[in-house]
Amino acid sequence: MNTIINQEGNYNPPPLGDGGMDAVVVKNISKTYGKKKEVQALNNISFSVNPGELFGIIGPDGAGKTSLFRILTTLLLADEGAATVDGFDVVKDYKAIRKRVGYMPGRFSLYQDLTVEENLNFFATIFNTSIEENYDLIKDIYVQIEPFKKRKAGKLSGGMKQKLALSCALIHRPSVLFLDEPTTGVDAVSRKEFWEMLRRLKDQGITILVSTPYMDEAGLCDRVALIQKGKIMSIDSPEAIVNAFPYPLLAVKSVNMLPLLNELKLYDGLKDAYVFGEYHHAVLKNDNAVTGLKEYLEAKNFSVEINPVRPNIEDCFMMLMKSVSSEAQKQDV
Amino acid sequence: MNQTKVIITDKLTKRFGGFTAVDAICFEVTKGEIFGFLGANGAGKTTAMRMLCGLSFPTSGKAMVAGFDVYKENEKIKQNIGYMSQKFSLYEDLTVKENMQLYGGIYGKSNAFIKQKTESILTELDIKKEANVLVKSLPLGWKQKLAFAVAIFHEPEIVFLDEPTGGVDPVARREFWNMIYNAAATGVTVFVTTHYMDEAEYCNRVSIMVDGKIEALDTPHQLKQTYNAGSMDDVFLKLARKAVRTGD
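If you read the sequences in order, they're chains A and B.
Using the working numbering, the first residue of the first sequence is number 1, and each one after it goes up by one.
Using the working numbering, the first residue of the second sequence is number 1001, and each one after it goes up by one.
Don't read these hints as lab results, they were simulated from the structure.
It cannot be assumed that every hint is accurate.
Some, not all, of what chain B presents toward chain A, calculated at C-beta under 7 Å [unchecked claim]:
#1 Gly1018
#2 Asn1041
#3 Phe1236
#4 Ala1240
#5 Val1244
Computed footprint of chain A on chain B; a stretch qualifies when at least three of its residues, placed anywhere within it, have a C-beta under 8 Å from a C-beta of chain A [as the list claims (entries may be wrong)]:
#6 1004 to 1010
#7 1198 to 1206
#8 1222 to 1233
The calculated PhoX-like cross-link candidates involving lysine-lysine, where the alpha carbons are at most 25 Å apart (straight line), are [what the hints assert, rightly or not]:
#9 B:Lys1242 - A:Lys35
#10 A:Lys161 - B:Lys1242
#11 B:Lys1136 - A:Lys36
Fair warning: this is a prediction, and the values are worked out from it, not measured in the lab.
Beta carbons: idealized from backbone N, C-alpha and C, even for Gly.
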């Protein structure tokens, strides 16, 4: 188990640990913070990630995404539960894990006063390799910042910092890559480009765990875990999560959108209604309610455009959030 | 409808050495309008906003904000606008009430005003019980709503919101926009930047900056027609992909 570092230059992952074939296994992990453990960051989380999978952890700030990543990259100990990465235990085998994973934290964590090239060299050297040896893996990404290789990392723009950080996380050919909110605060164009880069890395066989608060990015993953308040609400392919949406969903539009929303909320057959871009989304209790809606709104003097729509991940996320919180309320009573 | 212009810019420009961050932008914002200010990273949004907030002098061009000149009356501008960003807005180590007292005091409001306004915000946000709780212990969604309430505590004419909803869950994000609508209905002008393209749909008008210039400015509906796009996301991609310069 000693020759973890791959010296050949072609992709040839070292032997796995004895914890099974899955790239990542998380079993009943819990994590609290505070003297009285008053902050529950992760609450009994379990899931596993297949080798070569692009797996998304989707949830808002404070959902527990970073705690989870820090536990899996052996930088934080869980209170309870167990986890393995490539079959290695995150507590017992932390050294083996550190050699084989790449981690890009949410906050820019490279050396600001080293140049682009120096940073990359530094990380290559620490992992006992060189830029040349693994250049083919980072080439796509690195060529975009190579013209600035003599510039100090602290002087780079946000987009360039992101590319450098990804290059540094990849320079030792990790078998599992952890990316914590790589696209937060990044504009829509750069976000698209970043996801295209991830697809290409996946094609090279690297397992990728990526977290994001942007629900629209879920569709770009093989599978996603929707996480909120330290709990996983659903794990599946984006397609399957959308298909499991249990109610009819309509997009409704009129000239006066705000009064329309208020009127929708008073409709008997309504489960939920909320703004959604240029439309309102109306979640209805059943198909009868769908037929009745147009009549109801026209009786209230709204001239409306109503179309059935396929839910997206954000619809599903809100539905799950609301059902989780109403269950919690029931338990409190 | 009141057609008072609360922001007027005319060829507003900012250069840093040989680099033109903001390149002769011209636009007007009407009182009570929700104005979306979009652009890719590095397009010049922050620089433009800093000039409009009286924090940075333009290199050339003109701008009036809340009736004041950005060159000569920048201190007056600061008193008449509110500002909130996702990165910083509230003091985490002060309580909910203390934050409101601090901001009210900074803007020179009387004790009576502060007391009455504090009460009404606590009621409106339904956080009376949390009045004496440290801000850092509040959930993120609440913090964001409170930050917005504090940004308009002194009843400014215009409030600048710089990516106010980043990282917030989808339900809280919608509650936040509800607050924006309510504020706009009382006549506050809202100037907002966002990376969420569905939020661009909630604005009355949207401008899109590319390489320091305003490439497009219209209602979301009209923009989609002009650029033959199905959504604001498409409009944005079509325009922002033209950008030559990169980064922040």
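Hints versus structure:
1. The criterion of a C-beta within 7 Å of any C-beta in chain A is not met by B:Gly1018, whose closest approach is roughly 17 Å, and the hint is violated.
2. The beta carbon of B:Asn1041 is positioned within 7 Å of a beta carbon in chain A (closest approach about 5 Å), and the interface hint is therefore held.
3. Using the Cβ-Cβ criterion of 7 Å, the hint placing B:Phe1236 at the interface with chain A is satisfied: the shortest such distance is roughly 5 Å.
4. The interface hint given for B:Ala1240 is met, as the beta carbon of that residue sits about 5 Å from the closest beta carbon of chain A, less than 7 Å.
5. Residue-level restraint check for B:Val1244 is violated (minimum Cβ-Cβ distance to chain A is 13 Å; threshold 7 Å).
6. Proximity of the stretch 1004 to 1010 of chain B to chain A, defined as three or more residues with a beta carbon under 8 Å from a beta carbon of that chain, is not established by the 0 residues found.
7. Look at the stretch 1198 to 1206 of chain B against chain A: 3 of its residues bring a Cβ nearer than 8 Å to a Cβ of that chain, three or more, so the hint holds.
8. Proximity of the stretch 1222 to 1233 of chain B to chain A, defined as three or more residues with a beta carbon under 8 Å from a beta carbon of that chain, is established by the 3 residues found.
9. Among the hinted pairs, B:Lys1242 with A:Lys35 is inconsistent with the structure: their alpha-carbon atoms are about 52 Å apart, more than 25 Å.
10. As the CA atoms of A:Lys161 and B:Lys1242 are separated by approximately 22 Å, the hinted pair is consistent with the 25 Å bound.
11. Proposed proximity of B:Lys1136 and A:Lys36 is supported: the alpha carbons are some 17 Å apart, at most 25 Å.
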